[in-house]
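*Asks:* Here is how the chains run, residue by residue.
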Amino acid sequence: LAMSATTAIAVAPASASATSRLPTIKVSMVPKLLGLAVFEANDQGAKQVAKKLGIDLTYTAPATASAEGQVAIFKAEIAQHYNVITTSSNDPTVPAPVLQEAMKAGIQVVTYDSDVPSARDFFMQDTAYNTIGSALIDAVEKFTGPKAQIAIMSSTADATIQNAWITAMKTYIAQKYPGLKIVTIGYGQSIESVSLSVAEGIIHAYPHLKAIIPIDSNAVPGTAAALTDLHMAGKIGDFGIGPPKESRAYFANGSLQALFLWDEIGQGKLDMLMARLAYEGAHGAPECTAKTPPANPTPSQWCGIRTNYAKVQSFSGASVGLPGTYTVSAAPNKVTGATKNTVIYSTPLEFTKANYLRYNF
Amino acid sequence: MSLSATSPLGTGPAAKAPRAQTAGRQEARWVATVAVLLVALLAYFCIAVPDFRDLGVSGILGLSEQFLFTGLIALGEALVILTGEIDLSTGAMSSLSGIVMAALWQQGINIWLAVVLALIISALGGAINGLFVTRFGIASLLVTLGTQFIFGSVATAVGGNAPPYNFPKAFVRLAGTGSVGPIPNELISFAVIAVVVWLLVARTRYGRGLVLIGYNRAAARYAGVNVQRTLFSSFVICGVLAGAAGIFVSGYYNAARDDIGNSLLLPAITVVVLGGVDIFGGKGRMSGVILAVFLLGFLDQGLLIRGNSSLTATMVEGIVLVLCLMLKIALDRRAGVRLKESLQRRFGSARRAAVLPDT
Amino acid sequence: MPLLLVRNKGLRSQGPAATRGHPDRASGGDVDRRPRVGTPRVGTRYEGRSLTKSFDGATVLSQVDITFAPGEVHSVVGENGAGKSTLLKIMAGIYQPDSGQLVLGEERVGGLSPRSAQQLGVYLVPQEPALMQSLSVTENLFVGILRRGRLHFNVDWRSMKQEASAYLDRVGLDVDPEVRAEELSIAQQQLVECARALVHRCTVIYFDEPTSPLTAKEAGTLFEVMKNLRADGYTLGFISHRLDEVLAISDRVTVLRDGKRVSTALRSEVEGPSLVKAMVGRELTGRERVRPPFDATGRKEMLAVEDLTSEPSFAGVSFSVREGEVLGLAGLVGSGRTEIAETIFGLRPSDRGTVRLEGRRLEHRSPRACIDAGLVYLPEDRARHGIFADVEVERNVTAGVIPHLARYGPLVKPVAERDLAKQATDRTGVRMASLDTLIKALSGGNQQRAMLSRWLLAAPKVAIFDEPTRGVDVGAKDDIYHLVAQLAEGGLACVFISSELSELAITCDRVIAMYEGHVVGELSGAEVTDANLGSLIVGAHTI
Amino acid sequence: MTTLPTPAAAPASSGGPIALAGRFGDIVLGLLRRREVQLIVAILGLFAICSALHPQFGVPSNIAFILADSVTIMLVSVGQTIVVLGRGIDLSVSPILGIAAVSIGFPATASHLNIWLALLIALVIGVGLGIGNGVLVSVIGIPPIIATLATLTIYGGVQFIICGGYSVINVPAVYTNFGIATLLPGIPWLIVIGIGIVVLAYLFLTRTVTGRSVYAVGNNAEAAFRAGIPVRRILFTTYVICGLLAGLAGFIYLCQIGSATSTSGSDGNTNLYSIAAALIGGTTLIGGRGGPIGSALGAVFLSEALQAMISFRVNELWDPAGVGVLILIAVVADRQGSPVRHVLRRPFRQPAEVAK
Ligand SMILES: Nc1ncnc2c1ncn2[C@@H]1O[C@H](COP(=O)(O)OP(=O)(O)OP(=O)(O)O)[C@@H](O)[C@H]1O
Ligand SMILES: Nc1ncnc2c1ncn2[C@@H]1O[C@H](COP(=O)(O)OP(=O)(O)OP(=O)(O)O)[C@@H](O)[C@H]1O
Ligand SMILES: [Mg+2]
Ligand SMILES: [Mg+2]
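Protein chains in written order, with the working numbering: chain A, -7 to 353; chain B, 2 to 360; chain C, 815 to 1357; chain D, 98 to 453.
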C-alpha cells in the first residue's frame, strides 16, 4: 500500500493495573439484526475484551434487518447517553441523520462491516474488495478451468458490499481469466428459503453452469442446499463468502468447496478497540490533541485517531490480542474499497473441507 | 292538525322507551380511556425511566419524529376502515412515493415539484385501489393485498441499485429533522393534517357520508349518499396520506428506500384499532386514532429508552393491543352489546351488502 | 344445559296416530342414527310462567304467563315493541329470561340454548329466513344435526337427501333438495325453515311474523302447512300484524301490551275490533277512508312516468301523480313495483322511458339528484335499506339531507342539525328516549316514523312510500295513514306501494295495478275497493 | 365460479340422446366453471408453454422442485382456507411455522432428537399456538384480523426468544434426507404428504359434521347459531387446525431448508402467500365458499409461476408483483364469473302463486 505510517501508536497490552484507571464507557454494538451467526461471533469477541478495555457493552439489534429499526435503537441510545455507538448498518444512508445527531450529542460512531459514510468517525471494513474478489475467482478457476460459465448469488440488487465484491470479481476476471463468463446474478433477498429457490432456478436455467458463487451468508447454505437437492454436489462448484459453521453439513457432503471470510471473533475485538480509541481520541489525554503525539503512550494516554488528527494513521492490535498494525486511510481507495477514515480489518481466511471444523462461527 | 295530536303513542312517556343507548357516549368513553392511558404511560416513563425524563419536553416531543409517519398512514387507513373497507397497500405506497420523489429529484427535478408529483402518483395508486373496489366490486382486502405486492415491486424497480439520498437542506428540515423551538416540524405538519382529517370526518358532509357507508352501505345509498364516489375518494385520500408519510420518512432519514414503508402498515392498523375504530366500519372517532398514534408511539420509544430491546417493544405492543381490545369489549358489553348482536356484527352478511352500480 | 333430554326411542312409536304424514314412516322407519336429537313427542304442552326480561334496564316483558297447547295455533299479538318476539325467543332458547320458568310437558327446562331447545323439540321460524345461502337445501335442513354415517364422524348424505325430499313434500315445497338456498324465493325459503323444524323433530314450532314478506297467496300455502301440523297434534305459536290472518288461523289469541299480558282468549271469544282495542288500548278509526275525495282540477302534475322499462322486471310503465294526490300501486310480490320505484329513484338502470318531475325531465338519475329535485323514496326493506341500526336517531333522520347540513363552508353545524332532527321527529311523533338513542332500540313502528321524518326533512314534492306499514303494528299503521293523508293535504304528491289491498282502499285516490311487470288496470275514487283490486292484481281483468 | 364441493352425486340420468348430449355439454361447462379445473388447466398450460420455451423446465428434477417448493405454502394455505371458510383469517401462521421449526431444530441439532418425536412436537406447538388464536377470536371475541395481527407480533417475539440470538444450523441428515427424498423421479415425498393432507382436509370439510359446520358458520354465523351449531367451538376448531397445519409446515420447512432462524416463516411472506394461494384457489374471504383442493392447486400454481419467472430471468424484484397480479386476476375472474354463473345456472323458479 502506498500509505505508510508516519507515526505508529503502539498501544501497549493493558495490564490489570492500567485498565483499572480507565474510566468505564458505555458502548453499544448494533449489528444488522439479531440471530445471525457472524454477528453473534462479533459479539462473542467483543465480550472477551470489553472488560479489559473498560467498556460496558450492550449488544442489541432489530428483529429484522431494517434500517428504521436501527434508527429507533440509535435514537433511544442517544437518550441513554451512550459514549460510543458501533454498528453494522442495514443501509448506507437511512441512519445518517440520527447518527449525525448522535455525533452532535458527543457520541462517537464507529461502523463496521457495513458503513454509513456520512455519519461516523471511523469505519472498519471487513476486508479489501480486491483481495476477496481475486481470492474467490482464483479458487473458482482452479475448479472449473479457464473456460466456464459461472453464476453469482447475491442478497439484493442494492446491497453495497455485495455489489462491490461483484465489481471486484468482474474486474479480476477481465484482467486474468477472460474465459470465465458470469451468466447471471441471482438475488436471494438475504433469506435462505428464497436463496434456495432462486439457486435451484438458476441451476435449471443454465445446464452448462460450472460454478456458483454465493456471496451472502444466507445465499451460502441456500445454494449448497439447492445443489444437494438436485444431486449436483461436486458437479457444480460452490465457492462463497460466509461463515463456515452454518455450512458444515455442506462441506461434509461435498456441495460446498470453499468459503472465504475473515475471523469474525477477532473483528468483534477490533471493533471494541476502535470504540475505545475513538472515545479516547475525542476525550482522552491531552497528548492526543498535541501536534506531535508521543511515540509510546502509556495505557493512560490512549490516543485516538480522530479525524482532525491527521498524523495518527496506524495503531497496534496487540492490546486485544490481534497481531499486526492497523492503518487508517486518509483518502478513498477504489481498489480496496476503503473510504476516508477506514481501517481494513483483515485478509480473508479460506475455509475448505480440510479446515472448516476448526472454526466455531 | 299535528300528527302527534291524533296519536297518543306519539307523545307517550319517554321513560317507557329503553334507556338511551348512545353510540356517541360509547365512543367518547373510549377516546377518554385512550387519553388516560396515554397520560398514565407518560407519567410512568417520566417517573421510572430517568433517561426518558432527562430528555425534557423538547426531547420527548422530538421522539414523536420516530412514529408520526405511522400516524399519517393511520389517519388515511382510519378513513378507509371507517367505511368498512381496508387498505393493505399503504406501506408499499409509502415506499413507492418516497422513492418516486427521490428518483425524480435525482433526475434534476426541483424537490418540491418532485414531492407534488410523488403525491400525485400516490393518489393514482389509491385511485387504482378505489377503482377495483368500486367498479369491479371486489373486496378491498383482496385488491390491496394484490396491489401491495405490485406497488412494492414497482418501488424496488424505480429505486434501482442505488436509491438516492442527501436531499436539499430545506426539504430535509421541513419534512424531516427541523423544528420550531421544541416542536419538531414533523409534529406541526402532522397536527395540521390530523386536524384537517378530523374535521373532514367529524364535521363535513363528506365525513357524514363516509361513516354512514360504514354502518350500512345499502341504506347510505338509499339515503342519497354517493357511495361509489365516497368510497373511491377515501382510497385516494388514504393513498395520498400514505404517500405523504413516505415523503416524511424519506425526509427524516434523508434517504429513500424501496422497502422503507413495509414496516409501517401493521403498526398503522394497530393504531387505528387501538383508537377505537371498528374494523367493520362505522364506529370510531378520529380523535381516538390521533391519541392512539401517540400512545403506541411513546410506548415503543419509551420501552427502547428504558433499555428494552426493540423485539420486546413489539411484543409488548401486541399484548397491549389485545389487552386494550379486551378492555373495550368489556366496556361495550357492559353497555349492552350482546352475544347475538356481536355475532351478527362480526359475521352477519346484511351490513356488508355489495356495492350496487350507480346509474 | 338442558334439564330434560328425552332420549327414549320407544316414545315415537307411541306417538298419536296423527303422525301419518311423518316422513319417517314413509321411508319405512329407518334406524335413527342421530345420536343427540331427542325423539319428537307430538302432543307436548309448553308453558312459560311469569317470564320477565329486560334489556339495558328497560323491562320488555314482565310477568308473562302463556301456555301453548298441542293441536292448537296460539297467536301472540300486540303493537310494535310489545315484546312478542322477545317472548317467543325466550321460549325458543334464543334469549334467557331474567326470571320465570319454562315447563315442557310436565318438566321444567332451563338454561336453554337454541340447540338444546331444538333437541327438546322447540323451534322458532324467524321472520327473515336465515338460511346458509351457498349451501344446498338438504344441508340447510340438516344443519346442526347432520346425520352421521357408520364411522360416526362422517356424514351420511344419502339418507339425508332421501329424507329431505320427504320433508319438503310435507310442507308442499317442490324443489330439488340439491339446489342452493340462494336460488329460492323468500316464500320458498320460509317453507324450508318450516321443513327444518320438522327435520329437527320439533313439535313445538313458533312463527315470528312469517307472513310479512309473503303475498296472501304464499301466506295461504303456509297456513295450509300450519293447519296440517295442527291436525297432527303439533304445538304452534304465531305472530302477525295482519289481524285477518290471526283471526283466520288461530285457536287462541294472547294480547301483549308494553310487555304485559293483557288477555288470552279462545278464537271464538274474540273479534277484530275488541282485539285491536286490547292491543292499542284505544279505538281506531277503522276501515274508513282517511281523507276526502280528491279533486284533480287545478292540480299540477308533479310526477310523470312514461314508458319506463327495465327488462325483465317491468316494461312500458306509464303513470302520473298530481299535487296532493295519493296514487296507489297494487300488485303481488314480484310484480315489479319495488323495481319501478327504485328505477325512478335512480337506484337501478332503466332500458328506456322518461321520468318527469314538475314537467322537467330527470336525466342521469341518482338518489342524490332525485332528493335534491324533490323526489324521495321510502324503501321497502327498512332493516337493510332504511335504517343505520347502530347510529343515533338524530343522524338517521338527517342522513337524507347531509348536503343541507353544511353551515360554515363545508362544515356541519351540530346545533342546526339537532334542530332539524327535532322538528322532523316531533312532526311524525317518534317515540324515543332522546335523539341520541340508537335507532335499533326503537320498535319497528317508531323506526318507520323516523324514516318518514328523514324524508320530510328533504321537503319533498313527490314521495314514494314502499310498503310503509310493513312490520308495523295496527296503531302505528293508523298513524301512518293519517300522516300520508296529512302530507297529501299539504300538497305532496304520493305514490303508495302496498300489498295490503285494504290499506290502498282507505288511503289512495287512485290505484294502478301491476301484474308481472305490466300495468294491468287503474281504479279511481269509489272504484278503489279491496274486491276490485283483488281481481286486478291476479291478472283476472286485464284492461 | 367457486363451486362448493357439494356432496351431491350426479343427478340420475334420464331423457333421450339429445338430453344426454346437452347434459354432457353441461358437465363440461360445469367442470370448466370449477376453479379447481381452471387451475389445473392453468398449471398444465403454463407448464406446456414454459417447457416448450425452455429446455430445462420440463425435466423431472425441476418438476420435483416446483412440487416440493409448494408444499409448505400448500399446507399453510389449507389451514388458512379452513379458517377463511369460517369467515376468519389467520395472520399469525408465519410465526407459528417459525416457532415450530426452531423449537424442534435446536434439539434436533444439539441432541439428535428423534425425527418422529420432532414431528409430534411441531404438531403440538402448532395446536398450542392455534389455541391461543382460537381463544382470542372465539372466546374473547376480538375480530380475527386484529387478534391474529396481535399474535403475529407476540408469536414473532416468542420465536426470537426461543432462538436467543442463535440460528438452527446443520440439521442432521435424517431430517434433510427426508426433505429431498423422492418417491419416483419428479415426485418428492413431500408432495405425497402434501396431497395426503389436502385429501384429509377435503374429507374433513365435506364429509364430517364439524367440517360441514365450518361452512355453515362461514355462510351465516347467526343462522348457524340458531340451528344449534356451537359457533364458537367451530371457530375455535378452525384456528386450532390452522395452527396444527402451520406446525406441520414448520417441520417440513426445517427438513427442506435444513436450517431455521428467528425470522423463518415471516421472512418468506408465508402469511401473504398462504392467503394468496387460497384466493387463487377460489376461496372467498367472506367465508363459506371454496375448499382446500383449490388452495393446494393455488400453491402449486404460485410455485410454478415463480419458478417460470426465474427460468425466464425475470428479476426477482418482480416476484411479489407477479403474485399480486395473480391475486387480482383470480378475484376479478371470480367477480366477472358471477354473471356467467347466473346465466348458466338452472332457470329461476317462479314462486308458485304467480302461476294462474
Ligand atoms: N337485543 C335487544 N337489545 C335491546 N333491546 C331490545 C332487544 N331486543 C328487543 N329489544 C327491545 O325490546 C322491546 C320489545 O321487542 P320485541 O322485538 O319483542 O317486540 P315485538 O313485539 O316483536 O315488536 P315488532 O312487532 O316490532 O316485531 C322493544 O322495545 C325492543 O327495542
Ligand atoms: N333473485 C331474482 N332473480 C331473478 N328474478 C327475480 C329475482 N327476484 C325477483 N325477481 C323478479 O323481479 C321482478 C320484481 O320482483 P319484486 O319482488 O322486487 O317485485 P315487487 O312488486 O316490488 O314486490 P314486493 O311486493 O316485494 O315489493 C319479478 O318479475 C321477479 O320474478
Ligand atoms: Mg318482532
Ligand atoms: Mg316490493
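Some clues are possibly wrong.
[Unchecked claim] Derived DSBU-like pairs: lysine-lysine, alpha-carbon spacing no greater than 30 Å straight-line:
id, chain 1, residue 1, chain 2, residue 2
1, A, LYS237, A, LYS43
2, A, LYS162, A, LYS139
3, A, LYS39, A, LYS162
4, A, LYS39, A, LYS134
5, C, LYS1074, B, LYS329
6, A, LYS326, B, LYS170
7, A, LYS332, B, LYS170
8, A, LYS96, A, LYS134
9, A, LYS139, A, LYS202
10, B, LYS170, A, LYS96
Hints listed in this document are in silico derivations from the structure and should not be mistaken for laboratory results. It should be emphasised that the depicted structure is a prediction, and the values quoted were computed from it without experimental measurement.
*Asks:* Does A/LYS134 lie within 30 Å of A/LYS39 when you go C-alpha to C-alpha?
*Replies:* violated, 39 Å
*Asks:* Measure nothing beyond the straight line between the CA atoms of A/LYS39 and A/LYS162; if it is 30 Å or shorter, mark the hint as holding.
*Replies:* Violated: A/LYS39 and A/LYS162 sit about 38 Å apart, past 30 Å.
*Asks:* CA of B/LYS170 to CA of A/LYS96, is that 30 Å or under?
*Replies:* Between B/LYS170 and A/LYS96 the Cα gap is close to 17 Å, so the pair holds against 30 Å.
*Asks:* Verify the proposed pairing of A/LYS162 with A/LYS139, using a straight-line Cα cut of 30 Å.
*Replies:* holds, 15 Å
*Asks:* Against the 30 Å threshold, does the CA-CA distance of A/LYS326 and B/LYS170 hold or violate the hint?
*Replies:* holds, 29 Å
*Asks:* Check the hint pairing C/LYS1074 with B/LYS329 against an upper bound of 30 Å on the C-alpha distance.
*Replies:* Judged against 30 Å, a Cα distance of about 35 Å means the pair is violated.
*Asks:* For the pair supplied as a hint, A/LYS237 and A/LYS43, confirm whether the alpha-carbon distance does not exceed 30 Å.
*Replies:* Roughly 27 Å between the alpha carbons, so the hint for A/LYS237 and A/LYS43 holds.
*Asks:* Regarding the pair A/LYS332 and B/LYS170, is the alpha-carbon distance no greater than 30 Å?
*Replies:* Since the Cα atoms of A/LYS332 and B/LYS170 sit roughly 23 Å apart, the hinted pair holds (cutoff 30 Å).
*Asks:* Within a Cα-Cα threshold of 30 Å, do A/LYS139 and A/LYS202 meet the stated pairing?
*Replies:* OK: A/LYS139 and A/LYS202 at ~9 Å, within 30 Å.
*Asks:* Please verify whether A/LYS96 and A/LYS134 have alpha carbons no more than 30 Å apart.
*Replies:* Violated - the C-alpha atoms of A/LYS134 and A/LYS96 are around 51 Å apart, more than 30 Å.
In this structure, the earlier hints numbered 3, 4, 5 and 8 are contradicted, and the remaining ones agree with it.
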